[in-house]
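Student: Going line by line, the protein sequences match chains X and Y. The opening residue of the first sequence carries number 1 in our numbering; numbering runs sequentially from there. The opening residue of the second sequence carries number 111 in our numbering; numbering runs sequentially from there.
Simulated from the structure, these hints should not be mistaken for lab results. Incorrect hints may have been included.
[Said to hold, decoys possible] Derived lysine-lysine pairs resembling BS3-like cross-links, with alpha carbons at most 30 Å apart:
(1) X:K109 with X:K37
(2) X:K71 with Y:K130
(3) Y:K130 with X:K37
(4) Y:K123 with Y:K154
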Amino acid sequence: GEQVEQLPSILRVQEGSSASINCSYEDSASNYFPWYKQEPGENPKLIIDIRSNMERKQIQELIVLLDKKAKRFSLHITDTQPGDSAMYFCAASRNNAPRFGAGTKLSVKP
Amino acid sequence: NSKVIQTPRYLVKGQGQKAKMRCIPEKGHPVVFWYQQNKNNEFKFLINFQNQEVLQQIDMTEKRFSAECPSNSPCSLEIQSSEAGDSALYLCASTYSTGQLYFGEGSKLTVL
Numbered sequence: 001g002e003q004v005e006q007l008p009s010i011l012r013v014q015e016g017s018s019a020s021i022n023c024s025y026e027d028s029a030s031n032y033f034p035w036y037k038q039e040p041g042e043n044p045k046l047i048i049d050i051r052s053n054m055e056r057k058q059i060q061e062l063i064v065l066l067d068k069k070a071k072r073f074s075l076h077i078t079d080t081q082p083g084d085s086a087m088y089f090c091a092a093s094r095n096n097a098p099r100f101g102a103g104t105k106l107s108v109k110p
Numbered sequence: 111n112s113k114v115i116q117t118p119r120y121l122v123k124g125q126g127q128k129a130k131m132r133c134i135p136e137k138g139h140p141v142v143f144w145y146q147q148n149k150n151n152e153f154k155f156l157i158n159f160q161n162q163e164v165l166q167q168i169d170m171t172e173k174r175f176s177a178e179c180p181s182n183s184p185c186s187l188e189i190q191s192s193e194a195g196d197s198a199l200y201l202c203a204s205t206y207s208t209g210q211l212y213f214g215e216g217s218k219l220t221v222l
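The shape of chain X in the complex, shown without the other chains:
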């Protein structure tokens, strides 16, 4: 009951377009959903997160949506830039160790 599925595994978009990554989780009691960005050779860094008392959160070009009923959450990057190219990981936790999705490799073409 702790699996987190993440799709797509590879995402290529044109600069200026939007990119969307989708995750689903099994544990309905999960209450915290962070998103991490990891650049090659670096550690993962939190970019945005959402708790179960919210359905939508936006920080600049990043939008996170949470559908608790469907046990799905998603990250949307609007107006992508080449600097957004990286691995992105979703995670879900219930006051315990976050379980991570398998990652999405985002490439933004100039």
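Put chain Y on the given structure of chain X with help from the hints.
Tutor: Positioned in the frame of chain X, the structure of chain Y alone reads:
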């Protein structure tokens, strides 16, 4: 720059050898996690601590790994007898309670 300090950044071991990694969590963070990130970038949770106590650990960690977070000393993760499949990036992360994890730079283990 990460405030979670992991050492060493790289280590190379032969099969059967011990491999030990250390982590100094961010100051004031009582909860420490260890994750293994494999060559496919997949994260596997290994163990976590609150102060010196183990909160959760997976079966593999219980059998072949030893980990501790003594007071006033770095946390450590040690593989008792390294196997080729242990080659991975070992990430330590800390947090204040339940929320954002702050990751260290990782220790990249290569088992020959």
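Student: Are the Cα positions of X:K71 and Y:K130 separated by 30 Å at most?
Tutor: 38 Å, violated
Student: What's the verdict on X:K109 and X:K37, does the C-alpha distance respect the 30 Å limit or exceed it?
Tutor: Holds. X:K109 to X:K37 sits at ~18 Å (cutoff 30 Å).
Student: Would you mind confirming whether the straight-line C-alpha gap from Y:K130 to X:K37 stays at or under 30 Å?
Tutor: 27 Å, holds
Student: Are the Cα positions of Y:K123 and Y:K154 separated by 30 Å at most?
Tutor: Holds, at roughly 21 Å.
Checked against the numbered hints given earlier, this structure breaks only hint 2.
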